[in-house]
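A.B. asks: Protein chains in written order, with the numbering used here: chain X, 1 to 310; chain F, 1 to 310.
I should point out that these hints are in silico values taken from the structure, not numbers from a laboratory. Accuracy of the hints is not assured; some may be wrong.
Remember, identical chains collapse to one label, so a pair may be satisfied in a single copy or spanning two.
[Said to hold, decoys possible] Mimicking DMTMM-like on lysine to aspartate or glutamate, the simulated pairs with C-alpha atoms at most 25 Å apart in a straight line are:
1) Lys296 with Asp204
2) Lys268 with Asp153
3) Lys271 with Glu160
Since we're looking at a predicted model, the values are computed, not measured.
2 protein chains.
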Amino acid sequence: MILLLGSTGYVGNRMLQYLKSQGVEVYGLSRNQIDYTTRGGLKQALSEYRPEFLVNAAGYTGKPNVDAAELDKANCLLGNAILPGLMREECEAAGIPWGHVSSGCIFSGRRQDGQGFTEEDAPNFSFRQNNCSFYSGTKALGEEAIGYRESSDGTKWVHESQPSGYVWRLRIPFDHLDSPRNFLTKLMRYDRLLVAENSISNLDDFIYGCWATWEKRVPFGIYNVTNPGHIDTRQVVDMIQASKLGQLLASSGKHFSFFENEDEFMLKAAKTPRSNTVLNSSKLASAGISLRPVEKAIEEALQNWVPEHS
Amino acid sequence: MILLLGSTGYVGNRMLQYLKSQGVEVYGLSRNQIDYTTRGGLKQALSEYRPEFLVNAAGYTGKPNVDAAELDKANCLLGNAILPGLMREECEAAGIPWGHVSSGCIFSGRRQDGQGFTEEDAPNFSFRQNNCSFYSGTKALGEEAIGYRESSDGTKWVHESQPSGYVWRLRIPFDHLDSPRNFLTKLMRYDRLLVAENSISNLDDFIYGCWATWEKRVPFGIYNVTNPGHIDTRQVVDMIQASKLGQLLASSGKHFSFFENEDEFMLKAAKTPRSNTVLNSSKLASAGISLRPVEKAIEEALQNWVPEHS
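Required output: the full structure, derived from the provided sequences and hints.
C.D. replies: Next comes the structure, spelled out in structure tokens:
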């Protein structure tokens, strides 16, 4: 049996549906039943349910965006830094392997050599770089609590011993279902957009990729679970405009406009810096788990678009 | 009534004894009764006991030293970063003022102008500077969770709104009672010592100073509660050697030896960097709360020394 934490969240709920559709016996534990964010609660949950594998899709995301986390620091630290640490410790003590939904938002830009960041690169958007949102800082601390740390020269991200589970890094989820959490929805609803290039994750592809690491028993460790490639905001907007959906939007008078640059965005729209980054997803592909290229995943989401209140 | 968290710890227990000796009605809450490190537990404690003031002397300190915290990150984050944040939020919601035992270990060295760090200076030994132990990192995050943050130029430590309680910074506690937590005991028991200058806190003076901020109702905010001045390891060793205690130690064959420098110390004795720093304690003095100069406090501790197993 699979025990799932965070099953009411955007990612966790999709994971729950997917596992059920695959005939996997899964139980979505609610915090009202057992507060699994405490060590005692988590210990109790593991001994009561004795899962074969634990999925942690719980975490703190600011609503409507990461700016909110700046004003809710204790909850943000609890969900993103403490819980992964407790999970790792209690699962190891109980001999239960696990998968943790982490985030690519602990990186910014590209590597110095122009390539996307791999799983071996140390986060460069973190408290330790002092350049990040409180949210990104707690996410990087969460990977530290799981046992990763900077190498002594600060460039590599190494595990203090041997990983005992999977760290699945999600980036800017999107899919064909209109929703305030969907990247495509955000692009359509925001007044003005920041132009930036990113690796991003189709939510269904992400769920598929995560589960496949455990199904195939690929080696434990970190996996960037993003659609291969990267894309910038203008390209996505072009794709939206070229779609049927774009024609509907245009006929309703929608006009896409952009901030001049990141400075203007920070000045007018944001309280805390955003992560925009390119990730290398080839480790996942090398493990035999292929996701659609990012352009194809966006195209298909737009083709199959389901409006929120339809 | 005063509610005291952490009353079995080195600092909290002394606080409990002091308040009782002053005829203050105080209750030392144990985590076995109510787990006050969870939001629900803390809320329950505040509504059951309805204290006039809350003292948080709970926190995570690595045993025997901060190296241990590197291997116990979730607990360290919980005790030092989450708990202060929960305390601030729940006390504000309940309208209860509070005092939190923080630490001067979020600083290193002296200010660029050669002076000790004041309460207005941003921590320079923290995750954000990426130069610290995990312990110091969590202590600085604890002050962030309480509402402090770096000014935009990174030099000042400002509150996001108005402080609703006291942040009392302790540094390297010592007193006349021989104990593994006592700085003087450590100097006598360690094989080799690192020479470094520090502002330090006599434990009784610290407790007196903390309580006086509330008794006198001085303005809420941060206070460096250290004995005025600073002292280096060799000076303290000289004072030990010149005392009656030093004569006893010498006759038992004790020889004090020192590491060449911090590099040798890090290589041979430590897993993670230590904070050594000079703090400016004049804000407390200006509030009318005077502690003994550091030399006098050490001298009197040595004169009144009580061996651990006496």
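A.B. asks: Against this structure, judge whether each hint is valid.
C.D. replies: Verification of the supplied hints:
Within a single copy, Lys296 and Asp204 get their C-alpha atoms as close as 13 Å, which meets the 25 Å cut-off; across copies the closest is 68 Å, which misses it. Taking the shortest alpha-carbon separations for Lys268 and Asp153, only the inter-copy value of 19 Å comes in at or below 25 Å, while the best intra-copy value is 37 Å. For the identical chains of this complex, Lys271 and Glu160 are inter-copy neighbours only, at 13 Å across copies versus 35 Å inside a copy, given an alpha-carbon limit of 25 Å.
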